[in-house]
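Just need the whole structure built from these sequences, with the hints factored in.
Number of protein chains: 4
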Amino acid sequence: MNQGAKLKIGIVGGTGYTGVELLRLLVQHPNVELTAVTSRSEAGQDVHALYPNLRGHLDLQFSQPDLDNLSQCDLVFFATPNGVAMKLVPGLLQAGVRVVDLAADFRLKDPSLWQQWYGMPHACEDVLEQAVYGLPEMNRSQIAEAKIVANPGCYPTAVQLGFLPLLERGLIDPMHLIADAKSGVSGAGREAKLGSLLCEASESFKAYGVSGHRHLPEISQGLAEVMGAPVGLTFIPHLTPMIRGIHATLYGRLQGAAADLQALFESRFKDEPFVDVMPAGSAPETRSVKGSNQCRIAVHVPQGGDTVVVLSVIDNLVKGAAGQAIQNMNIMCGLPESAGLNQVALMP
Amino acid sequence: MNQGAKLKIGIVGGTGYTGVELLRLLVQHPNVELTAVTSRSEAGQDVHALYPNLRGHLDLQFSQPDLDNLSQCDLVFFATPNGVAMKLVPGLLQAGVRVVDLAADFRLKDPSLWQQWYGMPHACEDVLEQAVYGLPEMNRSQIAEAKIVANPGCYPTAVQLGFLPLLERGLIDPMHLIADAKSGVSGAGREAKLGSLLCEASESFKAYGVSGHRHLPEISQGLAEVMGAPVGLTFIPHLTPMIRGIHATLYGRLQGAAADLQALFESRFKDEPFVDVMPAGSAPETRSVKGSNQCRIAVHVPQGGDTVVVLSVIDNLVKGAAGQAIQNMNIMCGLPESAGLNQVALMP
Amino acid sequence: MNQGAKLKIGIVGGTGYTGVELLRLLVQHPNVELTAVTSRSEAGQDVHALYPNLRGHLDLQFSQPDLDNLSQCDLVFFATPNGVAMKLVPGLLQAGVRVVDLAADFRLKDPSLWQQWYGMPHACEDVLEQAVYGLPEMNRSQIAEAKIVANPGCYPTAVQLGFLPLLERGLIDPMHLIADAKSGVSGAGREAKLGSLLCEASESFKAYGVSGHRHLPEISQGLAEVMGAPVGLTFIPHLTPMIRGIHATLYGRLQGAAADLQALFESRFKDEPFVDVMPAGSAPETRSVKGSNQCRIAVHVPQGGDTVVVLSVIDNLVKGAAGQAIQNMNIMCGLPESAGLNQVALMP
Amino acid sequence: MNQGAKLKIGIVGGTGYTGVELLRLLVQHPNVELTAVTSRSEAGQDVHALYPNLRGHLDLQFSQPDLDNLSQCDLVFFATPNGVAMKLVPGLLQAGVRVVDLAADFRLKDPSLWQQWYGMPHACEDVLEQAVYGLPEMNRSQIAEAKIVANPGCYPTAVQLGFLPLLERGLIDPMHLIADAKSGVSGAGREAKLGSLLCEASESFKAYGVSGHRHLPEISQGLAEVMGAPVGLTFIPHLTPMIRGIHATLYGRLQGAAADLQALFESRFKDEPFVDVMPAGSAPETRSVKGSNQCRIAVHVPQGGDTVVVLSVIDNLVKGAAGQAIQNMNIMCGLPESAGLNQVALMP
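Residue numbers (this note's numbering), protein chains in the order written: chain E, 1 to 348; chain H, 1001 to 1348; chain C, 2001 to 2348; chain B, 3001 to 3348.
The hints are simulated quantities; they were obtained by calculation from the structure and are not laboratory data.
Honestly, I wouldn't trust all of these hints.
Dumping the calculated SDA-like pairs for lysine to any residue here, alpha-carbon to alpha-carbon at most 20 Å [unchecked claim]:
1. Lys193/E to Ala2188/C
2. Lys3193/B to Lys1270/H
3. Lys193/E to Leu2058/C
4. Lys2193/C to Arg190/E
5. Lys1193/H to Arg3190/B
6. Lys193/E to Ala2049/C
7. Lys1193/H to Asp3059/B
8. Lys3193/B to Ala1049/H
9. Lys1193/H to Glu3168/B
10. Lys1193/H to Glu3042/B
11. Lys2270/C to Gly1056/H
12. Lys3270/B to Gly1056/H
13. Lys1193/H to Lys3270/B
14. Lys3193/B to Pro1081/H
15. Lys3270/B to Leu58/E
16. Lys193/E to Lys2193/C
17. Lys3270/B to Arg190/E
18. Lys193/E to Gly2016/C
19. Lys8/E to Lys2193/C
20. Lys3270/B to Asp59/E
21. Lys270/E to Asp3059/B
22. Lys1193/H to Pro3081/B
23. Lys1270/H to Leu2058/C
24. Lys3193/B to Gly1056/H
Structure representation (structure tokens):
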């Protein structure tokens, strides 16, 4: 693009946590001009009245989601509940607007699988076919060409990045993968739900979705693509008493000849701007990525046994949502991949 | 014992979190009289000056740990750092005083293993031989006869109770057990350590002790005893941003004929006053046991695969320390096993 | 009452936080039999399915609120939203059932003031006249005779107990009282409200209700009764990122001759089982009363100036709600005032 | 300064929370080159080994504090314990290096007052005389000329900014000011202290320093300078269970003719880049400034009485420490005052 010109960006559904996180990052992005932030419920309201952290940074009102208006954008982010984007995206694509969907609408390739896990038929199977799964560390070149990118879920980002080097090299049994994942409460979104109350979720820890979480088929699909064959995965998410952060603890049974796993991980990610392989023996803290787009990873083989343990942390709202979406936007639009994404994590 | 008489009880090392939790429970125990609470650093000080929650419940001063004084007790709890009890216990046993040690001194049967993991030679191997591992659900009858009981660690309690029914029946591969465990910060004790500061440990989540935690050999020893053969265990503890609670997520590979695991767990624990098998499909929250001596357990086989997942929660300071110690005391002294242990968890 | 017989107790509205706290305390009360816990939304459901901390302690189902059924009780607690009790209480009183209302329906003596602050006309002004304000430290003898007791709000309990000794003795200017009060989030109840989400309320602190909180007229009414004249009060409540606890910091301008305030407070409360005046120079922590019915108070005159500062802490769900309600029940029914209320606070 | 050239900056004492916050902000500052970060205890260690959030942002090792080395800097920040800077600053000033001290060494004009509150004689009274108190909203022009700036304490920043407009116009009784202030735990620093443990400080709230906190004379000095006469202040700080944030609730007795306080505050701060007067009726949340250099203020007169209430929030580590220090550096060095300080607060 023209160096001086700025991308015109729209956000559909700007009131949730991924919406406000997009706003936090985009108001500081050097190549972006925010032209529309939509919300049916808040239309007409100053955006900073809902999110006072944006006072002084953004002078824009929520507007009604409107195809004419959004069609003026170069790129539109959907930060809407599942099932909304698939109804609006076809129109936008026809108008020549590129799209990054932060919901699940375009993540599963198989529309019947979508219907099974999300309880509704897919509204635009033809668009689904051309959607690219937006994990840059796997699909960078396809993302660069994509018109519509399905931004990965938060758990799938942390889990896939951790398993990737091992599966690509066939070093673990792909039929018995275990992902024990822990998420902060913001993963449940900005909805008035009992289970997300401070009095219900703080000072406590629990597993949920044990019988089957929607991110399971998404992770399985991604890992199967790496393997060229189905994988077997046990995925247990847990609710953790903190706002932000995902910690995935991954277990695999080693197979084949011994390998230097530390070297393997470092080599696999050495050119990745947003994957940081920690020194041998480390255990990354989620707070080390709070507010930043980094994924920090450590690999261990405890007691020199045959079980490998990978620790992978991200901020679920950044690398697990809004940050990765902007990373995808940068790739799609020919900007430096890190543009607007160099925040240092807030610590403490 | 005489119905009216009360047990004379001493606590050595009453300033830590297990110490104050013993005090909270013992001042309300109907069959107990507290006669000594020792602390070298706080001797002479009112106990309630350190722990104002005890104001009005306990009128006692910390005293110097003194064999003569402690020998007047019927039973003494050690809530001291590792390596203290093993020096004082022989003298107390000779004086006819029974002992429950809440530290690790008498947990590992093999003194060389103790030295390897705790970095000091064992001070009384002969006493070690007669010590009984105080997990009532495994060793109730031996505890009843014991003079010295090694109270289990917090992680080992949650992990062993969860694996027990499966291993006893040979239903899982014992060489590839995985225990992904999460603990509140009180597990690190009441010590002024950087890593336990609110600003370091809240709003974050991390693994630790990945290369080998001291509770690993303790759990392995207990499970091996069940199997009559060594087991293979990967144990990864994690620090969770809350005060109390342990959540163990256990993974095993099913083997042999299919079994009704829900029925198995319910039957195994149906007479246990402090193990509560949750209804099928449940996921216990740690807060449901906050302040109580319960262990709540649920068993799952996600997607009907060959991996069983057990969820086991305790309050690390109660069933994982002080509560279980009192449960052991009750058994040793012929009291009702639940005496003084019927607290309802604080929720919310 | 007959020593052996147990009081038959009903709870209307048992699903909120004050409801479950009543249940936690009542299942351990030696003189009480729970006969009905009502909830329109959960009728038929096991109580312990909603509150797993009660598993093993209570085998009762929620029932529909039903006058016939509740009329079998000796005493009924209302733990309902404001405006519910005033419709049902007249019928219960006619049936000879005594009532403790934990909502606000009977707290304000003046029905027009009620309507102004609660936005609805009062439904039974005649009953309102006979209602006794249930702060035992002010109204013990009237409570003993009462048929209907209005259990004080959480803030009013902490604030009134702190100002009481000073106002009774005329030691401060009653027209310029300041109460800066901080509450844990459970004060907002178990409702799915955005502002009570962990992601909204943790890691943050704010004032609310600055222009006028409903507890303001309640506190003013109580303090005016002490003075026999109106008082002037600035009351600013704040939302604090924790589950339980109220901390009231009270400021008054000293007037008249100098007095030994420490001695005054100790003497005023020396026979009160649930008010604990801390040693001079202390600052009580809210956690020192977590789960207990105590109010802990300290009094200071910083820099020997003319401003007195009183620090007053309670657990908003216990002394600020369910515990005080049971204290009132004990007084009304001739039981020992502390029966069932000797819990030691959970610390840490 | 030369547009292209970058300021050479040193930090003495870079291991504490204000140190790492300086680093977070300075590695992103467009006009700054970090040349030295000193720490006696960590010398030789990579800075990012201690603070992994800096991995990829800073390639520097801690060095010994050394006058020769530091003399190469244009400006040096002291983020040391109280009493360290006053020993090193004279040498640096002689070498022509400007200094911003984030500790208390140069905050109190009167060296005997310093000795009284900090327990040691002042080491360089002559330098103290030329030090400028670095609250830009009061002393901007003097800061621009200063060689040594005393960066204000966190409480004093929030409290003085809130009282300023009222005192400047003589609208409140200056002899009876009340500041009820609440701070997150990071205000206590990165020291292994019992009281700062998660298990001691979370799920609780307490006042501290009631008889006299070191920020009291600092605030009094600043407000007295505004008035040209002594003020009377009751200042009660409280420990709040969160990492970052200060909320000051200020109370004053109105005097003189009625004034439009909202308009007064807006007008007083309309040109201030880092003071944001909220709309009438607002209550700012501390999280709205988390990680940002803003102070958000609201002014109220509850019930139209004679007591004014000001709510003032800052991030204690940013506007209350490192951010304000950089704001001072910008002013001292002729940079745009907001350079490097435009972070949007992290919310949620």
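Now for the hints, and whether the structure bears them out:
| no. | hint | verdict |
| --- | --- | --- |
| 1 | Lys193/E to Ala2188/C | holds (14 Å) |
| 2 | Lys3193/B to Lys1270/H | violated (45 Å) |
| 3 | Lys193/E to Leu2058/C | violated (27 Å) |
| 4 | Lys2193/C to Arg190/E | holds (10 Å) |
| 5 | Lys1193/H to Arg3190/B | holds (10 Å) |
| 6 | Lys193/E to Ala2049/C | holds (18 Å) |
| 7 | Lys1193/H to Asp3059/B | violated (28 Å) |
| 8 | Lys3193/B to Ala1049/H | holds (18 Å) |
| 9 | Lys1193/H to Glu3168/B | violated (46 Å) |
| 10 | Lys1193/H to Glu3042/B | holds (17 Å) |
| 11 | Lys2270/C to Gly1056/H | holds (12 Å) |
| 12 | Lys3270/B to Gly1056/H | violated (55 Å) |
| 13 | Lys1193/H to Lys3270/B | violated (45 Å) |
| 14 | Lys3193/B to Pro1081/H | holds (19 Å) |
| 15 | Lys3270/B to Leu58/E | holds (17 Å) |
| 16 | Lys193/E to Lys2193/C | holds (7 Å) |
| 17 | Lys3270/B to Arg190/E | violated (33 Å) |
| 18 | Lys193/E to Gly2016/C | holds (15 Å) |
| 19 | Lys8/E to Lys2193/C | violated (35 Å) |
| 20 | Lys3270/B to Asp59/E | holds (17 Å) |
| 21 | Lys270/E to Asp3059/B | holds (17 Å) |
| 22 | Lys1193/H to Pro3081/B | holds (19 Å) |
| 23 | Lys1270/H to Leu2058/C | holds (17 Å) |
| 24 | Lys3193/B to Gly1056/H | violated (28 Å) |
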